[in-house]
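If you want the building blocks of each chain, they are given just below.
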Amino acid sequence: DGGITQSPKYLFRKEGQNVTLSCEQNLNHDAMYWYRQDPGQGLRLIYYSQIVNDFQKGDIAEGYSVSREKKESFPLTVTSAQKNPTAFYLCASSITRTALGGYTFGSGTRLTVV
Amino acid sequence: DAKTTQPPSMDCAEGRAANLPCNHSTISGNEYVYWYRQIHSQGPQYIIHGLKNNETNEMASLIITEDRKSSTLILPHATLRDTAVYYCIVRVGSNYQLIWGAGTKLIIKP
Chain H
13 DGGITQSPKY LFRKEGQNVT LSCEQNLNHD AMYWYRQDPG QGLRLIYYSQ
63 IVNDFQKGDI AEGYSVSREK KESFPLTVTS AQKNPTAFYL CASSITRTAL
113 GGYTFGSGTR LTVV
Chain X
36 DAKTTQPPSM DCAEGRAANL PCNHSTISGN EYVYWYRQIH SQGPQYIIHG
86 LKNNETNEMA SLIITEDRKS STLILPHATL RDTAVYYCIV RVGSNYQLIW
136 GAGTKLIIKP
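Chains as they are written, first to last, in the numbering used here: chain H, 13 to 126; chain X, 36 to 145.
Hint data in this document are derived by calculation from the structure and do not stem from the laboratory. Ideal Cβ positions, reconstructed from N, Cα and C, are used throughout, including at glycine. A hint or two may mislead.
Here are a few chain X residues that sit away from chain H, every Cβ distance over 10 Å (derived from the structure) [what the hints assert, rightly or not]: (1) P42; (2) C47; (3) A48; (4) N54; (5) P56; (6) N58; (7) E66; (8) T91; (9) E93; (10) A95; (11) D102; (12) T118.
According to the in silico footprint, chain H covers these stretches of chain X (three or more CB under 8 Å from chain H) [to be verified]: (13) 70-84; (14) 133-145.
Turn these sequences into a full structure, and let the hints guide you.
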């Protein structure tokens with residue numbers, strides 16, 4: 013079945029360490045997105061990519077970095093510069109940037125800084 | 036900031052229709068209204084979207100007022116599995132981005 017796979021489901025990081033969250037899709041979607049969700053709140057956009065080798069900052073990009081070397085993959089690195097990284101991270105994709113058919117989300121990665 | 040306003044929580048009896056309201060008074064002419072839901076600690080699930088006409092699919096119906104300043108998501112026969120947070124989202128036209136609010140926590144009671 014087509015879909016988005018995020019790994020790992022749970023991740024623990026020590027303060028000062030960088031960590032990379034994986035996102036892979038087999039839907040042949042052009043556009044991919046990373047969102048952050050804090051308890052009781054909606055999703056906030058970190059980065060998005062409309063095509064391979066291109067990506068743009070979202071509303072809360074500071075302390076994060078991404079790459080899009082392959083259409084299927086859009087990994088997110090949470091750097092030590094992110095002051096409050098503990099959150100639920102969601103990856104999504106859509107057919108195109110202007111897709112009218114909605115977004116497909118992964119099941120999320122819960123990151124905890126210890 | 037979110038461009039939509041939703042009640043923080045609602046209850047509905049199992050088997051009854053669940054009507055979830057959403058205000059989007061500043062919506063512009065080319066902005067769509069999307070509805071998603073999120074079951075606890077999972078990724079959001081797309082439900083339905085519309086521009087100005089009422090829409091229906093196998094999951095729900097979307098009723099948009101004529102002035103487009105508000106809409107209602109209708110789950111016709113709610114089940115316990117419909118318990119989730121429901122997000123009403125306006126898609127920003129120029130950047131094609133979704134702006135998420137805090138949503139409505141819908142609890143279906145037996």
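Which of the listed hints are broken here? none
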